[in-house]
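Peer 1: As a plain string of letters, each chain reads:
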Amino acid sequence: MIGDPLFDSESIAGRVAAIAAAISHDYSGKRPLMLGLLTAAATFLGDLAKGLSIPCDVDFISVTNYGDGEGIVVEQDATIPVAGRHVILVDDTVDTGLRLQYVVKRLLERAPASLAVCTLLDRPHRRIVDIEIKYRAFEVPDVFVVGYGLDYLGRYRELPALYAHGTWPA
Amino acid sequence: MAVSRVTFAHASEAELARLFDFYRVDWQYEPRSFPIAWNEHGRPVEFFTPDFYLPEHDIYIELTVAKPARNSRKNRKLRLLRSHHPCVNVKLFTRRDAERVFSRLKRAS
Chain A
1 MIGDPLFDSE SIAGRVAAIA AAISHDYSGK RPLMLGLLTA AATFLGDLAK GLSIPCDVDF
61 ISVTNYGDGE GIVVEQDATI PVAGRHVILV DDTVDTGLRL QYVVKRLLER APASLAVCTL
121 LDRPHRRIVD IEIKYRAFEV PDVFVVGYGL DYLGRYRELP ALYAHGTWPA
Chain B
1001 MAVSRVTFAH ASEAELARLF DFYRVDWQYE PRSFPIAWNE HGRPVEFFTP DFYLPEHDIY
1061 IELTVAKPAR NSRKNRKLRL LRSHHPCVNV KLFTRRDAER VFSRLKRAS
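One line per chain: the protein sequences are A and B, in this order.
The first sequence begins at 1 in the numbering used here and counts up one residue at a time.
The second sequence begins at 1001 in the numbering used here and counts up one residue at a time.
Rather than coming from a laboratory, the hints here were simulated on the basis of the structure.
Keep in mind that a hint or two might mislead.
[What the hints assert, rightly or not] Taking lysine-lysine and the BS3-like style, the derived pairs with C-alpha atoms no more than 30 Å apart in a straight line are:
1. K1091/B with K105/A
2. K1067/B with K1091/B
3. K134/A with K105/A
4. K134/A with K1091/B
5. K1091/B with K1074/B
6. K134/A with K50/A
Using the sequences and the hints, build the whole thing.
Peer 2: Take a look at the structure:
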């Protein structure tokens, strides 16, 4: 089902290092709160945080998946208060932007000092609602991607590279 | 708007409305028709009615469920809409987009 990597581990490491350097520069003198959207962004956030040359805090938030329940809610909230913090929301994939806009709205209600979005993968051609992405590692074509934290029905998260899966889940 | 109160022209539109509801995005179904062609007297003779309007984001969404080869009529209307109403923000959401998004969002995560 999966063949050659779409992005190998070396390419991923290079992009992660570049984004970490950009964040370290942009937030110099600050201590950003890196807030990861569970579960798929955890691997990316872990590597990103390790690449920073500035101190940061790391926390996670999770929201309901489409199809689970009547509407999206925050299932697991951040334990670190967001108010007054420079927050960098780290997502695995942005396509329609619908999930992200919900999370961004909830976070903005808590009055952070600033809020930026960082994503591992971006599918801008699928965007429904416009959301500013400050940091993106890769723009991906119309393929289903697994590995490096991303799953197909719970599998492949452990793979060190990003692969195009042969099929989309039904 | 509630999905149950609207009669949709196609099941995919209802699915997209449910997606908006799930993500708590306000939507309106076919709230406005835009003239895209006029006769010699200046009267509009052809209109384009996008499927959805998202007021908070000020964007119209046109969902097309036909196969790409059969989209030429809709693409023509979309071109005319953009040409005559350049300030209207409209996005075409294709059948493939819809299938991918619905399946991806339903996957276990």
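Peer 1: Take the hints in turn and mark each one as holding or not.
Peer 2: Going through the hints against the structure:
1. K1091/B with K105/A: The given pair, whose Cα atoms are some 22 Å apart, holds under the 30 Å limit.
2. K1067/B with K1091/B: holds, 17 Å
3. K134/A with K105/A: holds, 16 Å
4. K134/A with K1091/B: Holds: K134/A and K1091/B sit about 22 Å apart, inside 30 Å.
5. K1091/B with K1074/B: holds, 12 Å
6. K134/A with K50/A: Measuring from Cα to Cα gives roughly 19 Å; hence the hint holds.
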